[in-house]
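If you read the sequences in order, they're chains A and B.
To convert, note that position 130 of the first sequence is 130 in the numbering used here; the numbers rise steadily by one, no gaps.
To convert, note that position 101 of the second sequence is 101 in the numbering used here; the numbers rise steadily by one, no gaps.
A portion of the hints provided could be inaccurate.
Repeated chains share a single entry, so a pair holds when one copy, or any two copies, can fit it.
Below, in silico cross-link-like pairs of lysine-lysine (DSBU-like), each with a Cα-Cα straight-line distance of 35 Å or less [said to hold, decoys possible]:
1. K304 x K262
2. K278 x K52
3. K246 x K262
4. K88 x K118
5. K15 x K227
6. K15 x K147
7. K304 x K246
8. K88 x K319
9. K118 x K147
10. K15 x K83
11. K272 x K89
12. K52 x K228
13. K15 x K272
14. K118 x K303
15. K262 x K52
16. K228 x K246
17. K15 x K217
18. K227 x K52
19. K88 x K304
20. K118 x K15
21. K118 x K227
22. K303 x K15
23. K88 x K227
24. K217 x K272
25. K147 x K304
26. K217 x K88
27. K278 x K118
Hints were generated in silico from the structure; no laboratory data involved.
Since the structure is predicted, the reported quantities are computational estimates derived from the model, not experimental observations.
There are 2 protein chains.
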Amino acid sequence: MSVETLFLQQMHGRKPRQLYDPIEYILMQPGKRVRPRMVLLGAELFGTPPEKVLPIAAAFEMLHNFTLIHDDIMDNAPLRRGKETVFKKWNSNIAILSGDALATMALEQILQTELPAKNKLEIVTLFARTSIEICEGQQYDLNFETKEQVTIEEYMEMIRLKTAVMLAGCLKAGAIAANAPRSDREILYNIGISLGFAFQLKDDLLDLYADQQSLGKQIGMDIADHKKTYLLLRALQEAQANDRDKLLQLFAPENSLSLEEKLPQIIEIYRKCHVRDKTEVAIENCLNEALSLIETLSCPENKKNSLREIATLFRDREK
Amino acid sequence: MSVETLFLQQMHGRKPRQLYDPIEYILMQPGKRVRPRMVLLGAELFGTPPEKVLPIAAAFEMLHNFTLIHDDIMDNAPLRRGKETVFKKWNSNIAILSGDALATMALEQILQTELPAKNKLEIVTLFARTSIEICEGQQYDLNFETKEQVTIEEYMEMIRLKTAVMLAGCLKAGAIAANAPRSDREILYNIGISLGFAFQLKDDLLDLYADQQSLGKQIGMDIADHKKTYLLLRALQEAQANDRDKLLQLFAPENSLSLEEKLPQIIEIYRKCHVRDKTEVAIENCLNEALSLIETLSCPENKKNSLREIATLFRDREK
């Protein structure tokens, strides 16, 4: 059974439809399904087959989509994966409430999984910690929009909370379901954090350097949204004084230039201080950290390749 | 220890403050604390002292306040308990995110309670079911604003979901924590449903017939918000044709009369068809249902009085 089939099963017969249609809409959009894959992987490394942990995989994908529904309201984002966001297609009240319901449906999935009570409680606890850290990360992200100086350290802490803990939680949840040794659970969590950093830095890169067609959304949205990304923070660190001042002007919320006018100027400054290369090196460093942690896992060697493949995929993805 | 002390303990050291200040703001407002009292009561009936279930009591109060934060955005409500609502005092993005975090903090409270894994999982499952039913209830409530014909049956189902299941969940959660017999858990749940109906019908009454000072909010807000309450639905059922037409005109969203102009006309029609008395009878019926269920509980007779007192309090409250 696929995670999509499970979603459809879970939606069946629920009402009112005004609440559940937006949930079905977002869950059934084709996506990378990174998070379910990580859960299944965490379990498979320790010999537990996918079908046993599918509800947990679904739970984390639901949690992820809940955050997307609410984040899109906060960011006033019209498009997601090339389609209208929930709050644009319906309205923000429906988006708030459907998001709330989806977060609880995610929890229900874990509760419905057949597992010993102790393991299930551990996964629920991990799920709760992850959920709250994602809220904290999102709040830092919102704060950064108006905060004048953001250090790369602060930025990394924000993306740790907003993105990395979810991937870490997925891998660990799979491992808990498989009753993996405690030390392996922690290693997997840390692998997830490193992969999560790589994933988000790649996201920052793609916002500017992807092919718009394959990305499925407009190039430069982070710039349009005044998001402080790794690219910007790194450029501010590396650029010469006049370029730094120019960047700050270009990113100032009161700057009235259009995105089309800003983009070439920003790209030119980034080119001069090699921001793209430096971000790629940072991604590579995160992946190497993950790869060396993979070496220390106690699971059979032949199982580790799928985890290594995910790492490569995170680096090479084009959307 | 009080539930407020536990709230403050839980808030301590959390950051970013932009996320947690609104949560502290709403949790620390003086309130009736009906839900925590119900949890403590459910446990005490079966011999478990309050301090053992305080985190569960806190969890349900947190869940309740989470729904208030989000409902106030959806209802565009400026005041709650005589103070600015979270989204008015801050903004709706902060209110969405703080609400999300608060819902998860509620779950964390249950997870932190010292209980056998099996009982804890049962309470988490009840908590999840309650959370999702509240979302469904709120969605029906939103639907009813624009739905032309709402039956009293549909209305009762809406308030069952939006209000009653929470009170029922509180009583039952306390009983699960106290390891009460299964049959008593179900009876307590049903007592909570009956009390919840009474609670909401009383809320509908107070919106129009309370003393504004003791209510802490403006009289007639349900009318201003085009909410279909028990009073209206009952009046539409009881009134003569000309009064029914007049009521429908007064409640039509496109009606441009001010609340001050509408109120005396609505009150006059309600008076003519005895809506106030009939609502009071409906409340009394719910309370009698609860009181006769209390008789069937297997706990010691002398413990039942505090439950009976809550029932009376629900009927006699002025805010």
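Query raised in the report: Which numbered hints are broken by the structure, listed smallest first?
Result: 1, 2, 4, 7, 9, 11, 12, 13, 15, 18, 19, 21, 22, 25 and 27
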